[in-house]
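Protein chains: 4
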Amino acid sequence: MTKLKWGMIGGGEGSQIGPAHRLGALADGRFELAAGALDHRPEVGREYAQRLGVAADRAYGDWKEMLQGERDREDRVDLVTVATPNSTHFEISKAFLEAGFNVLCEKPMTVTVEEGEELVRISEKTGKICAVNYCYSAYPMVRQARAMVANGDIGKVRLVVTAFSHGHHGDATDADNPRVRWRYDPAMAGVSGQFADCGIHALHMASFICNDEVETLSADFASCIASRELEDDAMVNFRMSRGTVGRLWTSSVAIGRQHGFEIQVFGETGGLRWFSEQPNQLIYTPVGGRTQIIEKGEGGLYDEATRLSRVAIAHPEGFPMAVANIYCDLADAIQGQARDSLPVAADGVRSMAAVHYSVDSAKQGGAWVDARPPMFR
Amino acid sequence: MTKLKWGMIGGGEGSQIGPAHRLGALADGRFELAAGALDHRPEVGREYAQRLGVAADRAYGDWKEMLQGERDREDRVDLVTVATPNSTHFEISKAFLEAGFNVLCEKPMTVTVEEGEELVRISEKTGKICAVNYCYSAYPMVRQARAMVANGDIGKVRLVVTAFSHGHHGDATDADNPRVRWRYDPAMAGVSGQFADCGIHALHMASFICNDEVETLSADFASCIASRELEDDAMVNFRMSRGTVGRLWTSSVAIGRQHGFEIQVFGETGGLRWFSEQPNQLIYTPVGGRTQIIEKGEGGLYDEATRLSRVAIAHPEGFPMAVANIYCDLADAIQGQARDSLPVAADGVRSMAAVHYSVDSAKQGGAWVDARPPMFR
Amino acid sequence: MTKLKWGMIGGGEGSQIGPAHRLGALADGRFELAAGALDHRPEVGREYAQRLGVAADRAYGDWKEMLQGERDREDRVDLVTVATPNSTHFEISKAFLEAGFNVLCEKPMTVTVEEGEELVRISEKTGKICAVNYCYSAYPMVRQARAMVANGDIGKVRLVVTAFSHGHHGDATDADNPRVRWRYDPAMAGVSGQFADCGIHALHMASFICNDEVETLSADFASCIASRELEDDAMVNFRMSRGTVGRLWTSSVAIGRQHGFEIQVFGETGGLRWFSEQPNQLIYTPVGGRTQIIEKGEGGLYDEATRLSRVAIAHPEGFPMAVANIYCDLADAIQGQARDSLPVAADGVRSMAAVHYSVDSAKQGGAWVDARPPMFR
Amino acid sequence: MTKLKWGMIGGGEGSQIGPAHRLGALADGRFELAAGALDHRPEVGREYAQRLGVAADRAYGDWKEMLQGERDREDRVDLVTVATPNSTHFEISKAFLEAGFNVLCEKPMTVTVEEGEELVRISEKTGKICAVNYCYSAYPMVRQARAMVANGDIGKVRLVVTAFSHGHHGDATDADNPRVRWRYDPAMAGVSGQFADCGIHALHMASFICNDEVETLSADFASCIASRELEDDAMVNFRMSRGTVGRLWTSSVAIGRQHGFEIQVFGETGGLRWFSEQPNQLIYTPVGGRTQIIEKGEGGLYDEATRLSRVAIAHPEGFPMAVANIYCDLADAIQGQARDSLPVAADGVRSMAAVHYSVDSAKQGGAWVDARPPMFR
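As given, the protein sequences belong to chains P, Y, G and H, one line each in that order.
In terms of UniProt numbering, the first sequence opens at residue 1 and continues consecutively.
In terms of UniProt numbering, the second sequence opens at residue 1 and continues consecutively.
In terms of UniProt numbering, the third sequence opens at residue 1 and continues consecutively.
In terms of UniProt numbering, the fourth sequence opens at residue 1 and continues consecutively.
These are computed hints drawn from the structure, not numbers from a lab.
Please note that the accuracy of each hint is not assured.
Chain G stretches covered by chain H per the calculated footprint, using a threshold of three residues with CB under 8 Å from any CB of chain H [what the hints assert, rightly or not]:
#	segment
1	166-178
2	218-224
The calculated lysine-lysine pairs, modelled on DSSO-like cross-linking and capped at a C-alpha distance of 27 Å, are [claimed, not checked]:
#	chain 1	residue 1	chain 2	residue 2
3	G	5	Y	5
4	H	156	P	5
5	Y	3	G	3
6	Y	5	G	3
7	G	363	H	156
8	H	3	H	94
9	Y	156	P	363
10	P	5	H	3
11	P	156	Y	363
12	G	363	H	3
Virtual Cβ for every residue (Gly too), placed ideally from N, Cα, C.
Can you make the complete structure from the sequences, with help from the hints?
Structural data, given as structure tokens:
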């Protein structure tokens with residue numbers, strides 16, 4: 001079983017995201033770290049990559065050097081993970097896709113809708129994978145929920161209600177902390193704060209489980225800490241293409257909520273609930289029946305849930321394994337087994353459209369607007 | 001300790017609401033059932049009242065007969081509960097208030113905002129109590145939450161998020177059941193379905209705990225079961241007079257949610273959560289600190305929580321005792337001890353305004369509108 | 001509907017137990033308080049009874065006076081509740097039973113096994129009810145559990161595991177507080193502390209749900225606070241007459257557990273769990289199937305659960321309504337409708353036997369002993 | 001950063017335990033799989049090892065071949081994991097320890113107490129690590145609990161109550177399934193069934209968190225499925241060396257409990273609760289105070305918790321990361337940083353002693369017996 005070769009851009013020493021990707025990529029032995037440009041300080045990055053086992057000639061100083069170095073190798077990397085600051089995602093992903101690499105891009109995939117559309121087109125043209133790291137969608141019980149909906153187990157979906165609301169930016173005395181402040185500063189974060197950061201995970205989850213797309217939306221944004229230019233709390237109502245009603249709340253000032261990412265899906269013949277802090281259970285109620293607890297690892301789950309679970313029932317699998325599941329799907333897809341659950345550029349651009357058009361809607365006092373990227377209208 | 005004399009209109013045999021009021025009124029021995037017009041069929045009502053211990057001459061055939069019979073008695077009832085169909089609340093409450101009786105009216109207090117304003121004025125003029133049965137506000141831990149907010153324990157309130165969403169009307173095959181259908185038929189239910197039925201409890205709760213009023217709102221209504229003319233799902237965003245952001249979701253098609261009434265209050269220095277299905281706990285997180293479980297009956301609670309709790313810590317007290325707490329407050333108020341937590345006509349009319357103006361907002365695509373009754377602008 | 005006449009002994013002003021009984025007895029309008037000897041200070045008791053609405057000639061100074069006064073009245077009380085200090089339960093209950101009154105005795109019913117057996121015999125001889133207030137058994141979902149077991153829904157019961165463990169006596173600095181200390185002082189509490197106080201509720205619950213009796217037991221007692229002569233923590237293993245294995249843990253030093261009364265019942269084809277702090281749900285798992293949440297008030301419950309529930313599904317009913325359910329069963333039984341779920345003297349004497357023989361077992365290093373009162377061997 | 005070289009014995013294709021160890025060993029990049037004897041069928045094992053990336057000359061046919069092949073290599077493996085059938089643990093571990101290898105042995109470490117004592121002595125003599133895979137002890141919040149106890153945060157521990165009770169062997173119709181049956185067959189499982197399989201995890205956890213040892217015990221064993229010769233349910237009461245009272249329940253017929261491993265620790269000034277199905281929270285109640293939820297990843301945890309947590313607060317980490325934490329401690333210990341939390345041979349032999357002496361106690365009707373291995377008396 002030859003391992004796939006993996007390269008990483010960003011995720012240097014001390015970052016949170018680097019270890020999460022390495023753990024995810026390496027956990028199942030499908031990839032090996034073969035190349036990297038891990039830090040914005042070339043020497044630091046080169047040294048760290050080598051400490052992580054990368055050969056000296058593939059420990060690059062920056063992404064351009066890496067692109068140069070890898071493009072003509074026979075043993076070039078099979079996958080490049082882009083975990084750099086948000087504003088650079090587009091340029092780097094574009095360059096690697098065009099050079100024929102598969103890419104996993106951190107979210108948000110791009111800053112603008114136009115950039116997102118361009119990545120969709122490049123991915124289509126080159127036939128290379130442009131995945132986006134909506135890793136929560138890779139929890140086994142989220143996959144189970146999606147499969148149940150697809151199979152009609154809860155009937156036509158009427159209503160989806162989701163939240164990604166935490167309280168970790170709720171302390172006004174900490175609001176000037178640079179690690180917090182940049183998210184609410186348009187110069188650094190773009191048009192949106194909390195919705196672009198967390199809300200889009202919830203929006204993707206709604207589309208993912210319902211296997212449907214958001215068509216129109218109406219938004220209400222608020223800066224609960226008044227000094228913030230961008231929103232730290234948002235409510236977005238939406239409608240999906242098959243008529244499903246959607247409600248999405250996201251907040252970073254909900255003190256006492258730790259992660260606070262949850263989804264409820266209500267169909268004609270049943271309801272589902274999932275909560276990211278207890279990800280190994282899916283709560284299911286058939287209409288007129290009793291609420292049931294579906295456990296990760298139990299017998300009779302859909303394949304999508306079973307294949308992404310490593311240890312027995314009631315042995316919890318957490319966030320690192322969800323990231324690992326994204327890499328499993330990537331390995332399968334690279335090796336020729338299509339994985340249509342893998343979040344890709346089309347998902348990324350839909351998110352960016354929802355962000356931009358939510359901002360527009362909120363500015364217009366909640367007016368209903370088209371939520372779709374122009375290319376998908 | 002002479003018991004107060006209590007009369008009831010509506011709540012006949014087989015109704016759900018009758019036993020809840022009798023249990024609430026009688027539980028603490030402050031009231032005795034002295035008069036009643038319990039059924040729309042005069043003879044049935046008279047007979048039932050006597051079976052419940054009402055003297056034959058005070059077992060009335062209808063509310064007009066009861067008003068006639070009671071108004072000139074020396075031992076007239078101290079309190080009249082109005083638990084008749086919604087459309088009759090106004091007329092009956094008005095008549096008894098004007099005749100100098102204290103009234104507890106079921107919700108919704110009136111059908112129109114104008115009627116609501118009239119009851120406020122009559123109550124003021126006569127000096128008689130016109131209470132509204134927002135009984136969830138009388139759970140001890142809801143009172144604790146209100147007292148904590150008033151005392152500044154969570155700082156200025158930034159955000160309040162509430163839901164009253166259940167799934168008991170989610171079965172389309174049962175939608176023609178008359179006990180369900182009327183709620184979504186404008187001829188019987190008025191301008192609103194689920195929001196008028198359940199949403200106003202949540203809206204009242206938000207105002208009650210924050211001790212603040214809703215000033216503006218923007219609404220999104222949906223009929224998830226398409227045959228319904230009125231909404232079975234609604235989202236209302238709002239702002240309160242001191243700037244608090246509000247989010248309220250109400251649904252009757254959320255299959256798997258049983259009662260589904262909950263509230264989260266986020267302030268500058270802490271957050272609170274309360275859930276009506278586990279009403280004896282209040283979840284509190286100080287900013288930067290750990291989440292704590294506040295238990296009904298523990299030492300050191302605010303007086304409003306302590307005085308409305310009957311049995312020791314961790315002995316749960318449920319819905320019947322919440323209704324009983326409304327009657328305790330009424331008994332106190334009638335006997336001269338003001339209870340400013342008691343929901344009254346001003347609360348009732350604010351609810352009706354919110355219902356009507358939410359309908360307007362939803363029709364206008366979520367436009368922000370003034371939520372206040374004209375008399376309070 | 002004439003109300004039954006009710007008399008109470010003990011439960012004076014300021015006691016916890018008085019209000020709980022009054023609330024329970026009066027909540028459903030089946031009883032009226034007609035007589036009372038409420039306080040060990042005759043004048044105080046007479047005055048308080050009158051304040052509660054008892055006629056002056058039936059407001060007695062002590063229980064003997066009450067027995068004298070009531071026995072020859074035509075309108076004598078239909079039921080006497082004995083809520084006096086434990087050591088007096090036997091004498092008072094015996095006297096009233098022998099005079100032809102129905103009795104509800106607080107737990108523990110007696111101090112010795114012999115006294116308990118005598119009450120069983122007197123109750124049989126006189127045909128009068130001698131009930132014991134094991135009120136937790138009257139929660140609707142406990143009745144549902146019992147009915148499920150009786151109906152074979154979980155097959156033959158293999159194992160029952162129960163606990164009644166709280167932490168309210170866990171503070172050594174408070175151990176000399178007289179309200180705590182007496183429970184661990186043999187001069188006042190008898191042979192057992194925590195097991196006699198709380199453990200017997202759990203033991204009764206196990207027998208009640210399984211509809212079976214404890215036959216043998218082995219006990220381990222500990223005084224976690226060393227200054228205590230009687231146990232504040234105990235484990236009792238037992239076997240029931242049909243071979244069911246039992247495990248019972250009770251503690252008063254389990255800091256952080258508030259009420260901590262729970263039971264798990266495991267049969268050949270399913271398992272059940274119930275927790276007194278969330279009494280409105282019963283957790284059920286069929287063998288090989290998913291865990292389900294059974295809700296108080298849902299459709300299709302057994303009659304025993306449905307008839308003892310007052311308000312709709314997901315409207316919680318708490319401890320006061322469980323006590324009220326005991327009084328409902330008493331009212332039914334007095335009026336001729338047998339209620340075999342009502343805990344009676346046979347249950348009381350079994351508890352006392354278990355207490356005494358557990359003490360013996362613990363002293364003998366956990367030796368297995370017969371748990372049955374001699375009269376039931 | 002050179003990776004440590006790791007060898008594995010057992011854990012062949014299709015086993016549950018193999019992937020868990022590989023994931024744990026490889027997740028953090030501290031080890032690489034350098035050698036293996038993975039299957040009892042030599043060719044199958046060799047082939048599988050090579051598929052996992054092991055060089056052909058280190059893909060061995062059995063453990064003796066591996067010992068032979070590795071002992072004289074300069075680049076011999078730094079750690080050998082023994083994940084073979086229970087009866088072979090002793091022989092293999094002994095051989096590798098004596099040859100100067102560090103060993104991680106699956107539980108139970110040995111079959112007899114004597115063998116366990118021998119491993120302790122060999123480990124001492126050779127100075128090599130003989131670790132035992134009590135991996136639940138490596139959850140960050142278990143480490144936090146241990147650190148809190150060590151730091152006196154709950155005062156002297158009075159009482160520890162633990163359970164490892166599931167229902168996965170509760171189906172009598174499945175009892176002859178060979179994967180279930182062997183556990184209750186003395187010929188294959190030795191003297192104990194469920195206690196040896198799961199109970200010892202709970203027993204180790206009690207000792208681990210309390211940092212104390214079990215001194216005496218009294219046991220009650222039952223075969224709830226009568227055809228089983230060994231117990232499927234057991235209760236063990238114990239006392240620790242500093243007087244702590246212990247209660248341990250283990251069962252495999254508790255239908256509805258999925259994993260069911262939990263522990264409660266009660267001290268003079270506080271209580272702790274942890275549950276393996278929600279391993280990222282630790283519940284803490286200071287005496288006289290409110291229950292608090294301690295979250296993995298929150299600020300201010302003890303180092304032992306912080307260093308073993310990879311992703312941010314409220315991003316759950318599950319069972320695979322707990323196993324990985326054992327390997328982290330092993331890597332540290334091999335590289336010279338002592339990790340006294342690592343479970344070692346002394347822990348393994350104490351478990352075996354508890355198993356054997358519990359069996360004795362149960363046979364003697366619950367007699368209290370010394371629980372310690374002779375070498376530690």
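Violating hint indices (sorted, rising): Violated hints (numbers, rising): 4 and 12; every other hint is consistent with the structure.
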